[in-house]
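J.: Residue strings, one per chain:
There are 2 protein chains.
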Amino acid sequence: MSVDLYAWAEELDSLHAHAWQRLVRGVHDRHAPARHPTLATVSPEGWPQARTVVLRAADRVNRTLQIHTNLYSPKIAHLTATPIAALHVWDSRQRLQIRLHADVEIGHGAAVASTWSAVPERSRVAYSRSQSPGQLMHTALAYEAQPDQAAFAVLRLHVRMMDLLHLGPNHRRAQFSRDLGWAGRWLAP
Amino acid sequence: MSVDLYAWAEELDSLHAHAWQRLVRGVHDRHAPARHPTLATVSPEGWPQARTVVLRAADRVNRTLQIHTNLYSPKIAHLTATPIAALHVWDSRQRLQIRLHADVEIGHGAAVASTWSAVPERSRVAYSRSQSPGQLMHTALAYEAQPDQAAFAVLRLHVRMMDLLHLGPNHRRAQFSRDLGWAGRWLAP
Numbered sequence: 001m002s003v004d005l006y007a008w009a010e011e012l013d014s015l016h017a018h019a020w021q022r023l024v025r026g027v028h029d030r031h032a033p034a035r036h037p038t039l040a041t042v043s044p045e046g047w048p049q050a051r052t053v054v055l056r057a058a059d060r061v062n063r064t065l066q067i068h069t070n071l072y073s074p075k076i077a078h079l080t081a082t083p084i085a086a087l088h089v090w091d092s093r094q095r096l097q098i099r100l101h102a103d104v105e106i107g108h109g110a111a112v113a114s115t116w117s118a119v120p121e122r123s124r125v126a127y128s129r130s131q132s133p134g135q136l137m138h139t140a141l142a143y144e145a146q147p148d149q150a151a152f153a154v155l156r157l158h159v160r161m162m163d164l165l166h167l168g169p170n171h172r173r174a175q176f177s178r179d180l181g182w183a184g185r186w187l188a189p
Numbered sequence: 001m002s003v004d005l006y007a008w009a010e011e012l013d014s015l016h017a018h019a020w021q022r023l024v025r026g027v028h029d030r031h032a033p034a035r036h037p038t039l040a041t042v043s044p045e046g047w048p049q050a051r052t053v054v055l056r057a058a059d060r061v062n063r064t065l066q067i068h069t070n071l072y073s074p075k076i077a078h079l080t081a082t083p084i085a086a087l088h089v090w091d092s093r094q095r096l097q098i099r100l101h102a103d104v105e106i107g108h109g110a111a112v113a114s115t116w117s118a119v120p121e122r123s124r125v126a127y128s129r130s131q132s133p134g135q136l137m138h139t140a141l142a143y144e145a146q147p148d149q150a151a152f153a154v155l156r157l158h159v160r161m162m163d164l165l166h167l168g169p170n171h172r173r174a175q176f177s178r179d180l181g182w183a184g185r186w187l188a189p
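Chain order of the listed sequences is R and W.
In terms of my numbering, the first sequence opens at residue 1 and continues consecutively.
In terms of my numbering, the second sequence opens at residue 1 and continues consecutively.
A portion of the hints provided could be inaccurate.
Ranges between beta-carbon positions, derived for each pair [unchecked claim]: (1) R:62 - W:46: 19 to 27 Å; (2) R:28 - W:21: 31 to 39 Å; (3) W:21 - R:169: 31 to 39 Å; (4) W:46 - R:59: 23 to 31 Å; (5) W:121 - R:117: 53 to 61 Å; (6) R:5 - W:62: 40 to 48 Å; (7) R:62 - W:181: 45 to 53 Å; (8) R:5 - W:183: 44 to 52 Å.
If you're looking for bench data, these hints aren't it; they were derived computationally from the structure.
Ideal Cβ placement from N, Cα and C applies to all residues, glycine included.
Let the hints inform the model, and build the full structure from the sequences given.
T.: Shown next as structure tokens:
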């Protein structure tokens with residue numbers, strides 16, 4: 001495998017830029033690994049919680065990401081109590097692990113009406129109030145999904161820190177943080 | 001897509017059994033999705049932490065999983081303070097999300113000597129004491145990797161709860177927990 005293929009991993013700036021490119025790619029390409037990151041939160045009982053989400057927006061300039069969710073899902077309860085999250089992507093083709101920490105802002109109602117209006121009809125069934133995700137049921141299919149704008153929430157992640165690990169011919173790891181003005185630092189992999 | 005393909009998702013017992021099969025498959029097949037789960041922990045500062053790990057063992061009878069790690073990695077510090085973790089797999093071919101909660105036991109030294117002896121020579125460089133993972137460096141490749149058995153640790157996950165979500169022709173979600181003798185319950189997806 002050519003080392004040149006991974007030239008972007010050799011410098012802090014290009015590594016950082018490449019990670020954002022991969023996130024943006026996830027928004028636009030449903031087959032890209034960053035399309036389905038894992039979002040980790042902490043429950044009020046102190047348990048780490050991890051689940052697959054769909055990446056809906058990635059803004060490199062403002063360093064924000066967006067995820068849509070059901071307002072009545074447990075992750076909203078977790079994030080209301082502890083409004084921080086980790087996002088994780090393993091991009092196997094690039095041999096790149098993207099980990100980031102973010103403050104999470106929950107938007108719903110009128111504030112996200114324009115986002116809701118762009119959600120395709122077939123996707124709206126995920127936003128239903130009649131049966132909250134995670135609620136006990138007597139049988140497997142005893143749920144109804146009535147699209148309801150009131151159940152639609154947008155998580156806006158304000159990135160604080162990004163930790164990038166490239167497992168190339170040489171392993172490289174770097175961290176970029178808001179506190180340091182996004183200057184990167186190499187870490188032992 | 002044939003519904004029969006996902007017949008295992010229709011009953012609680014077969015869904016549960018299938019999830020364990022997929023985990024076991026991850027141990028033996030390096031291309032299976034469960035080979036590289038995401039392990040989520042909580043840092044002493046309260047941040048959720050998520051990273052890719054390699055699944056090394058899955059024992060369905062004892063409901064334990066094993067992961068190897070560097071004893072000087074931050075996740076050991078996190079797990080020493082808060083010995084619980086979540087493990088996450090998105091098995092895209094099966095359209096199955098496996099989430100589980102576990103108590104984590106850290107083994108090292110003489111207690112894991114037999115496991116260490118089975119670690120291939122080429123894999124041992126990950127277990128080095130000279131440079132701890134996550135340590136700051138002045139340049140990208142300023143680390144040495146000297147295999148060191150003293151840096152080798154085995155995480156044994158004792159599964160408490162498993163939450164399975166199948167996104168098939170009909171979405172189904174079920175939860176299985178030790179507290180309920182592993183009897184499954186359907187949840188709203």
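J.: Each of the hints needs a verdict: does it hold here or not?
T.: Hint by hint, here is what the structure shows:
no.	hint	verdict
1	R:62 - W:46: 19 to 27 Å	25 Å, holds
2	R:28 - W:21: 31 to 39 Å	35 Å, holds
3	W:21 - R:169: 31 to 39 Å	35 Å, holds
4	W:46 - R:59: 23 to 31 Å	26 Å, holds
5	W:121 - R:117: 53 to 61 Å	59 Å, holds
6	R:5 - W:62: 40 to 48 Å	43 Å, holds
7	R:62 - W:181: 45 to 53 Å	49 Å, holds
8	R:5 - W:183: 44 to 52 Å	50 Å, holds
Of the numbered hints stated above, none is contradicted by the structure.
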